[in-house]
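Trainee: Sequence:
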Amino acid sequence: MKKIKFLEIITIMTLLVILLQCTEKFNAWPKPAPFLMEWIEYYPHTSAGNAIAINGAYIYIAGINYSNNDILLLKYDIYGNLIWDVSWGGEDVDEALGVAVNEGYIYVVGYTESYGEGGRDLVLLKFNESGNLIWSVTWGGADDEEGRDLAVDESGIYVTGYTKSFSNKGILIMKFNENGEVVWNTTRADASMSGEGIVLDEDYVYVCGANLILKYSKSDGSKIWETSLSGASLYDIAAPSAEGYDDTIVVTGRIETSHGNDNIFTGMYTKDGNEVWSSSWGRGEYASSDTTDLGQGICCRGSYIYVIGVSNSYKPGSYDYDLVLLVYDMLGHLCTNRTWGHACNFVDWGNDLVCSGNSVYATGWGHTYAEGSSTSGAFLAKFKEPVSVAWYRYEDGVNKGYDATCSNGYIYITGCSSDPITCWDIPILKYDSDGNIIWNTTYASGADDFGRGIAVNSSYIYVAGYTGAEGSQVFDILLLKYVDEGSMVWYKTLDFNDSDCLLDIAINGSYIFTTGFSSDNDLYTCNLLVCKFNADGGLEWAVFHHNVFGFIRGSKIVVNGSYIYVTGELGDAVSGKIRAFLAKLNSTGGIIWEKFWGISEEDRGTSLLVKGDYIYVTGYSYDGGNYDLRMLKFDADGNLLLNITWGDDSVDETARDIFLSTDGYLYIAGSSSDTYSTDILLLKCSLDFNIVYAYRWGNSSMDEYGRAVCIPVEDKIAIVGWEEVAGAYEKDILLLLFEYPEHLNHTYYGFVSDGYLNATAIVGTSEPHGPCGAANAIDTVGGLEAISGYSMYGSVRRTYYYLDSDV
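This note's numbering puts the first residue of the sequence shown at 30, with every later residue one more than the last.
None of these hints come from the bench; they were simulated from the model.
In this text the structure is predicted, and so the values were computed from the model without any measurement.
Hints are not guaranteed to be accurate.
Calculated pairs, DSSO-like style, for lysine-lysine (alpha carbon to alpha carbon, straight line, at most 30 Å) [as the list claims (entries may be wrong)]:
#, residue 1, residue 2
1, 640, 411
2, 244, 198
3, 252, 300
4, 510, 745
5, 247, 300
6, 198, 252
7, 198, 104
8, 510, 521
9, 193, 300
10, 662, 640
11, 247, 198
12, 247, 193
13, 662, 606
14, 413, 104
15, 745, 662
16, 104, 606
17, 521, 606
18, 510, 640
19, 244, 193
Between beta-carbon pairs, the in silico distance windows are [said to hold, decoys possible]:
#, residue 1, residue 2, range
20, 304, 757, 31 to 37 Å
21, 655, 567, 44 to 50 Å
22, 515, 305, 21 to 27 Å
23, 554, 474, 36 to 42 Å
24, 678, 256, 28 to 34 Å
25, 386, 590, 45 to 51 Å
Just so it is clear, CB atoms sit at the ideal spot from N, CA and C, and this is done for glycine as well.
Given these sequences and hints, build the entire structure.
Mentor: Here is the structure:
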């Protein structure tokens, strides 16, 4: 039997003020996100890895073998298997400091004390892919010369380092041809300086060293410009690959703080030498004892910049260093900070890294534990961003993923698709947890059809949306039912008023609940619509809730026991402002209570979930400047417990969906937009909205929008939305799969509450009294997850936490 009810909602403005008195505002960036160390392999001899390069499926590490003090060159596959190792040298010390690959040949640069003119001489070696030496060249005088880094392209081999043998002592830049013959050499005179990093573009050579960045002509070695950085020492340089950043370079090194300690320095500069941004990382500004943080290597991949180095800021001791990995976006926001190391009085040193595909490979040297002894060795480590991507294109045109749900290890997606000629259709997609498409089907009535909500119950899939004549704003309710193999069981349409739209769907037992709106062809005076259907698509009841001030629309519906919860937005026709609401309904659609919030220009409730006696709501607010993400927590009686606004003053953040994991954490998906692009946003937080991490994913040349989040299998998070070229017609449904380690002690967390790194979790072994004599403590700033158990990094038996002095 069809039952239709009409109820009225009265918006009480005083409630809005009361709610907002409880609002807290948190800054969005920076906030660290997970970055996984997938594996680490040690070379089984006393050694150090100083430089790394990749060519296709193979990785090359250059350094020194301390057992014979010879240059060491290692070849690995991308899985960490050692293919071959070769040494080069004589009776004295010979060390490689740079490596590059071009057209199947491996080039190594460093110094030799065994050969040459005297002291240390620069040495340049060329090997083939089998590790056979093609030629070797030394260059120098009676004093010392070193080659510190090199870069190779079709025009030649470019080397930087230093010279002390000749009148112009200082930074050395050289060009060799493919046979190892010198084409030109030049110096930047200052005996205290050395060239440390080098990168090329089509016409120029860029070198960093000491506090300088220098630009030279590739053709003749003439200097174009130099710029100096006060207080900095630079160790590496790279060129971003992101679209729109062709005219920039990035550098890393160290910078002295006001306490005389060193922080990691990272900066972006134009190719004219002008600073775009710079960043400092470490405890140097707050430490009372000696601390050192150094950036040793830098590379770029997509929209991110990766820095490898060393830190002892969080492991006090005279000679205790940990490897540190930092990730920045192109605007200079710190996205990730991780450290890794062994117990006290040991060194784990990161020297260089290379970006490839979805991974970063790093080298350096550290201590391994084998048969009860401690040895030092060169390592190769693979770090992996926890994201894999799948997408669906409906021919050519517009494709948007509006909703998704996870069931039995699968991901189900719906949305809308169209090309420039035909009407809008509804795609329904099924993926496995690895992003492989199982099947896809399309509902196409010949009119404009839109899928806005999807739910799975038992072996059936239900889709809610609306349908209407092409190009019209007049719609009817559309409800679809499919079997799990993708075949349609039935479809239903209903017409209450001029426009009736379903925006979400929920299943409870054998009944289907939907929400949306109904309007007499005036979207600004539409009513909230809540419906109950049986399993055959028959309407049990429908209720309409009216906002006397303007429109009211339901965005999300959840059924918990005998209660129905709906969130959405309502508009004020007089002021033009939009408010958000949460309503609790009984089993027949009658309102038990309703809550409203928002006194700014725009507030919208976009998603909700219920856990026990608590209701969690997400959405966003707009105050005339930027959009901020909103998180609210209510009890079962509608009392507001938390009302938190999260965002950056220069960035728009919106929440579109919320999901509760089995281990009790909330995952919130949405979007983050700056002046350059829109990216997927994922937050992980506790049930009290303490942020564990915030993760922003995207391509600087594309816009990505997150609309739904769910967890298909343990330790994997699915986000669905769409991707588009800004301003272009084409859009693709986007599925992101975030993979996280089975045990969270694989991941280092840093915590930021006031814009600075306040505390660090260190994985390591130590005496019972705590790491390096420090008292054990647990930091709760930023929502610490207590991590313990076995780590994947060698023989780690305990996890310790300790605070720095300003927490």
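Trainee: List in ascending order the numbers of the hints, as given earlier, that are violated by the structure.
Mentor: 1, 7, 16, 17, 22, 23
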